[in-house]
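S.K.: Chain by chain, the residues:
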Amino acid sequence: MREPLLIDQSKQGRKAYCYPPLDLPKGFSQALPPLPKSIQREQLARLPEVSELDVVRHFTRLSTMAHGVDNGMYPLGSCTMKYNPKLSEHIAKMDAFTKIHPLQDVSTTQGSLSIMFNLLEDLSSITGMKWGTLQPLAGAHGEYTGLKMVKAYFEKRGETGRTKILIPSSAHGTNPASAMVNGFEVLSIEANEKGQVDLDDLEAKLDDSVAAVMMTNPNTLGIFEQDILIISKMVHAHGAMMYYDGANMNAILGMATPGEMGFDVVHLNLHKTFATPHGGGGPGSGPVMVNDALRPFLPKPDIQLTDSGYVLDWESEDSIGKVSMFWGNFLVLLRAYVYILRMGSEGLRSASAHAVLNANYVAKRLADVCEIPYGTQCMHEFVISLEEYRQKYGIRAQDVAKALIDKGYHPPTMYFPSLVSEALMIEPTESESLETLEAFILVFRSILAQAKEDPEYVKGAPYSTPVGRLDEVKAIKEPNLRY
Amino acid sequence: MIYPYIPHTDEDRKIMLEAIGLSSMEELFSGLSEDILLSDSVPISQGRTEDEVQRMIDSIAQRNVRGIPFLGCGCYDHIVPSTVEALSSLPSFVTAYTPYQAEMSQGLLQAIYEFQSMVCEITSMDVANASLYDGANAATEAASLMVSAKRHASVVLVSSTIHPFTLQVLQTWAKGTGRTLRLVAEKDGVVDLSLLPSLLDVDCAGLIVQSPNRYGLLESYEGVAEILHEQKALLAISNDPLSLAMQKSPGEWGADVAIGDTQSLGLPLAYGGPSCGYMAVKEALLRKLPGRLVGMSEDAKGRKGFTLTFQAREQHIKRERATSNICSNHALAALMTTIHLSSLGWDGMVEAANQSYAKAHYLAYHLAQLPGMTLVWDKPFWCEFPLVFSDPKRLRKFMQELRNEGIFAGVRLSTLTRQVKDELVLLVAVTEKRSREELELYLAAARRVMK
Numbered sequence: 016m017r018e019p020l021l022i023d024q025s026k027q028g029r030k031a032y033c034y035p036p037l038d039l040p041k042g043f044s045q046a047l048p049p050l051p052k053s054i055q056r057e058q059l060a061r062l063p064e065v066s067e068l069d070v071v072r073h074f075t076r077l078s079t080m081a082h083g084v085d086n087g088m089y090p091l092g093s094c095t096m097k098y099n100p101k102l103s104e105h106i107a108k109m110d111a112f113t114k115i116h117p118l119q120d121v122s123t124t125q126g127s128l129s130i131m132f133n134l135l136e137d138l139s140s141i142t143g144m145k146w147g148t149l150q151p152l153a154g155a156h157g158e159y160t161g162l163k164m165v166k167a168y169f170e171k172r173g174e175t176g177r178t179k180i181l182i183p184s185s186a187h188g189t190n191p192a193s194a195m196v197n198g199f200e201v202l203s204i205e206a207n208e209k210g211q212v213d214l215d216d217l218e219a220k221l222d223d224s225v226a227a228v229m230m231t232n233p234n235t236l237g238i239f240e241q242d243i244l245i246i247s248k249m250v251h252a253h254g255a256m257m258y259y260d261g262a263n264m265n266a267i268l269g270m271a272t273p274g275e276m277g278f279d280v281v282h283l284n285l286h287k288t289f290a291t292p293h294g295g296g297g298p299g300s301g302p303v304m305v306n307d308a309l310r311p312f313l314p315k316p317d318i319q320l321t322d323s324g325y326v327l328d329w330e331s332e333d334s335i336g337k338v339s340m341f342w343g344n345f346l347v348l349l350r351a352y353v354y355i356l357r358m359g360s361e362g363l364r365s366a367s368a369h370a371v372l373n374a375n376y377v378a379k380r381l382a383d384v385c386e387i388p389y390g391t392q393c394m395h396e397f398v399i400s401l402e403e404y405r406q407k408y409g410i411r412a413q414d415v416a417k418a419l420i421d422k423g424y425h426p427p428t429m430y431f432p433s434l435v436s437e438a439l440m441i442e443p444t445e446s447e448s449l450e451t452l453e454a455f456i457l458v459f460r461s462i463l464a465q466a467k468e469d470p471e472y473v474k475g476a477p478y479s480t481p482v483g484r485l486d487e488v489k490a491i492k493e494p495n496l497r498y
Numbered sequence: 028m029i030y031p032y033i034p035h036t037d038e039d040r041k042i043m044l045e046a047i048g049l050s051s052m053e054e055l056f057s058g059l060s061e062d063i064l065l066s067d068s069v070p071i072s073q074g075r076t077e078d079e080v081q082r083m084i085d086s087i088a089q090r091n092v093r094g095i096p097f098l099g100c101g102c103y104d105h106i107v108p109s110t111v112e113a114l115s116s117l118p119s120f121v122t123a124y125t126p127y128q129a130e131m132s133q134g135l136l137q138a139i140y141e142f143q144s145m146v147c148e149i150t151s152m153d154v155a156n157a158s159l160y161d162g163a164n165a166a167t168e169a170a171s172l173m174v175s176a177k178r179h180a181s182v183v184l185v186s187s188t189i190h191p192f193t194l195q196v197l198q199t200w201a202k203g204t205g206r207t208l209r210l211v212a213e214k215d216g217v218v219d220l221s222l223l224p225s226l227l228d229v230d231c232a233g234l235i236v237q238s239p240n241r242y243g244l245l246e247s248y249e250g251v252a253e254i255l256h257e258q259k260a261l262l263a264i265s266n267d268p269l270s271l272a273m274q275k276s277p278g279e280w281g282a283d284v285a286i287g288d289t290q291s292l293g294l295p296l297a298y299g300g301p302s303c304g305y306m307a308v309k310e311a312l313l314r315k316l317p318g319r320l321v322g323m324s325e326d327a328k329g330r331k332g333f334t335l336t337f338q339a340r341e342q343h344i345k346r347e348r349a350t351s352n353i354c355s356n357h358a359l360a361a362l363m364t365t366i367h368l369s370s371l372g373w374d375g376m377v378e379a380a381n382q383s384y385a386k387a388h389y390l391a392y393h394l395a396q397l398p399g400m401t402l403v404w405d406k407p408f409w410c411e412f413p414l415v416f417s418d419p420k421r422l423r424k425f426m427q428e429l430r431n432e433g434i435f436a437g438v439r440l441s442t443l444t445r446q447v448k449d450e451l452v453l454l455v456a457v458t459e460k461r462s463r464e465e466l467e468l469y470l471a472a473a474r475r476v477m478k
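Residue numbers (the numbering used here), protein chains in the order written: chain A, 16 to 498; chain B, 28 to 478.
Derived from the structure by calculation, the hints contain no laboratory data. The beta-carbon is built from N, C-alpha and C at its ideal position, and this holds for glycine as well. Each hint should be verified, as a subset may be incorrect.
Unchecked claim - Taking beta-carbon pairs under 7 Å as the criterion, some of the chain A residues facing chain B (in silico):
no., residue
1, Ala60
2, Arg61
3, Met80
4, Val84
5, Ser127
6, Arg172
7, Gly176
8, Pro298
9, Ser365
10, His369
11, Tyr430
12, Ser433
13, Leu434
14, Lys474
15, Pro477
16, Asn495
To be verified - Negatives, chain B to chain A, calculated, CB over 12 Å:
no., residue
17, Glu112
18, Lys202
19, Leu210
20, Ser221
21, Val229
My request is simple: use the sequences and hints to build the entire structure.
M.R.: Set out below in structure tokens:
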């Protein structure tokens, strides 16, 4: 620990903030009875007692022990760590948006409502869907919401026997978890030798007990599922629905839409594709877009444009209900809207084209030093396998990742998807220039070269950080989860 | 053509395409068949410059009208020290993702560890997670935790005095899953826990209650945990965490799970989001906790540091057997709360809570003198109270008259419940931020309408 806990910097009586004195009439304040003893708190809570400068230095120092897109390249596969425009940050801090209460009369929130309404229209166009909701607060929350609607749809039709969700084995862990939370049973679909959905396996598992097939396209190997139209047809022929996980939408903006591919329900991750910051783990936003059949089941309230302006409509009878406290993560929605306004339709298309260009370029330049199991032609990301390095030199994907940290790069996603052993999943995004990619490639190659010559050195990385690799077993055996 | 945020020059593209053996950008998408590739661009507007976007947003922003908010119901206008925005805007906090790589993320991890600690301190619980989406989703996570903690139990008892939106989110959660919510009725504005023994059976996994409740009233949970524990059921208490500077904490009531939303601790109104859900539990429930968890450990040289831990509970490891599907949480909002609490200290938190209490009671006391509106239940409240009007016309006139003075007078309960019986109830929230002048302005306008 380079920076002590703030609680350990405390000194009794020190203050970082002073409230103005209570300015009620003295007589009233003195006569005001306290809370009844029976419901009064007794325990004190231990919070820091420090000066304002102590707070400022503490969190500033902590921020120097963190790495964001603003610090350097962040090729964390499937997370789309692209540049987060400063304009979006600036606009998201405007009083006209931050100081608006969610329960103000709608006549006083027409600005915010118009942004939400128009964002939804744009997202409909981008996904090729017709309707949607902005209420879900993260990608996994979008999955939860979308699957809940699928469930409600089949119950309404009396098809209560549809209890299964089919999910490719390479899918994100949230997919099966979201299905489970909604009471579905999960069946895994195998991949074929091209890393795509195995149609025979799919056919074998499709029957009238399947509610939906959840897919990411391109998939987590960065490969476009070329049979997608056939798959949609097969799934629809069995009366089931097609669910699109938008985690990899950054590969196809303006080039193709989930709607045209035959998907019935789509969630997007605004914090990936639409350049809103990840905030050290959130908040994100996971809008869900649907076709006509699922529209009646959208969460309430729905934003509608009427003669008297934008309104929140609560009338929908078949709605699954609310999925979050208010209307969604408005400040995240606002940032995404600003990004779309800046980029426009051609700009978004160009973003995807350059994301794919960057990924293919890096893949090509690494192909002679490491295995890329499903080929170098990829979409916005690709997965390498370091299995050979493990067998020959005892070097694991994790070791290469840690060595990258010493060179100032955030490592790629490790050990995912599980069908590739010693996997590193690399997603450069369109934000990185040729020079940055070149520098990354040279560093990556030098680490692999060093792995052969001096594997012990690589296994000991990182060397430049405040701490080395932490003992994860100790963290569980002797839990220390709070001060 | 140059597009924003894409650094490539024509020469770059040429070099890169050549390196991968392609002759055009279009060929990058050769894996997509003709039937899938869009022939036209998607029908959204063309790109704009920074200045054009700013002007457009400025014009839209004018259609938002601000007033002096006496609005609450889960979202409150408290004083926030300037440290919160300044420090939570530091780029390496804002533009990082989940701290999977501990060595390079010690700052983020330590901030989360401090957040977890503060949540534990305030709720008097043992372990807190790194945050959840919001207060309503913290309730669904609590319900899931209860159901998974007791074998064959599928019923969750829910107080009918919890926030109407939280109840709606819970109803959505239960829908289509075979789990049921069983409502505990209210009496005189608070949950009627004398009904508990008759509602509680072997199918019940636990009880969720809320204080301050949907009317702003404070509830007592004396002896409730014991009754539930006899049936192996759990108690979850949802709070506005700032109120815990005054009222008994979940730990003091013997609760197993503490939930809520830290919006009142350093977060802006922001039209309702992002806010920040939290959950803290008794140690025995550690492995049932949803979401991320940061712990302290040490490296080979004995240096102490922080890392994500107990990850075997989570979706990226356990997939369909995880405790929850949550992946992204509300980390940056949790950081804002951590900075807020670091600035306030416990004394500051108590001061904010006490002043909110005093100011709310000042306004309530004087409004109660006026004809046509009453404070119906003689129950303790903290910073929000229910005014019941004698007729709907007067209520509308009251709200309009105050609006003309630039005051948002309160939230009609029926806006949340969509029920006719709630149309006469106005919920008024008063925080420490409301000045004496603002309180007097409210009272003067109220006296004009309700004479």
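S.K.: All hints are to be evaluated individually against the structure, with a verdict given for each.
M.R.: Here is how each hint holds up against the structure:
With 7 Å as the threshold, the beta carbon of Ala60 of chain A comes within range of chain B, its nearest partner Cβ sitting at about 4 Å, so the hint holds. Hint status for Arg61 of chain A: holds, given a least beta-carbon distance of 5 Å to chain B, under 7 Å. Interface hint at Met80 of chain A: satisfied, since its Cβ lies 3 Å from the closest Cβ of chain B, which is below the 7 Å cut-off. Taking 7 Å as the C-beta contact cut-off toward chain B, the hint placing Val84 of chain A at the interface holds, the least distance being around 4 Å.
Proximity of Ser127 of chain A to chain B holds as hinted, the smallest CB-CB distance being about 5 Å (cut-off 7 Å). Evaluation of the Arg172 of chain A hint against chain B yields a violated restraint, the C-beta minimum of about 13 Å exceeding 7 Å. Using the Cβ-Cβ criterion of 7 Å, the hint placing Gly176 of chain A at the interface with chain B is not satisfied: the shortest such distance is roughly 13 Å. Against a cut-off of 7 Å between C-beta atoms, the interface hint on Pro298 of chain A holds, since the closest Cβ of chain B lies about 4 Å away.
A least Cβ separation of about 5 Å between Ser365 of chain A and chain B falls short of the 7 Å threshold, and the interface hint therefore holds. For His369 of chain A, the suggested interface contact is upheld, since its CB lies about 5 Å from the closest CB of chain B, less than 7 Å. A least Cβ separation of about 10 Å between Tyr430 of chain A and chain B goes past the 7 Å threshold, and the interface hint is therefore violated. For Ser433 of chain A, the interface hint is violated, the least distance from its beta-carbon to any beta-carbon of chain B being 10 Å, above 7 Å.
At a threshold of 7 Å, the smallest CB-CB gap from Leu434 of chain A to chain B is about 14 Å, leaving the interface hint violated. A hinted interface residue such as Lys474 of chain A counts as satisfied when its beta carbon comes closer than 7 Å to some beta carbon of chain B; here the least separation is about 11 Å, so the hint is violated. Taken as an interface hint, Pro477 of chain A checks out: its beta carbon lies about 5 Å from the nearest beta carbon of chain B, inside 7 Å. Against a cut-off of 7 Å between C-beta atoms, the interface hint on Asn495 of chain A holds, since the closest Cβ of chain B lies about 4 Å away.
Here Glu112 of chain B does not stay apart from chain A, with its beta-carbon only about 7 Å from theirs, under the 12 Å limit. Not every C-beta of chain A lies more than 12 Å from that of Lys202 of chain B, the closest at about 6 Å, which undercuts listing it as non-interface. The claim that Leu210 of chain B is not at the interface with chain A holds, since no C-beta of that chain comes within 12 Å of its own (minimum 15 Å). Residue placement check: Ser221 of chain B keeps its beta carbon more than 12 Å from all beta carbons of chain A (closest about 16 Å).
Here Val229 of chain B stays apart from chain A, with its beta-carbon at least about 21 Å from theirs, past the 12 Å limit.
Hints 6, 7, 11, 12, 13, 14, 17 and 18 from the list above are not met by this structure, while the remaining hints are.
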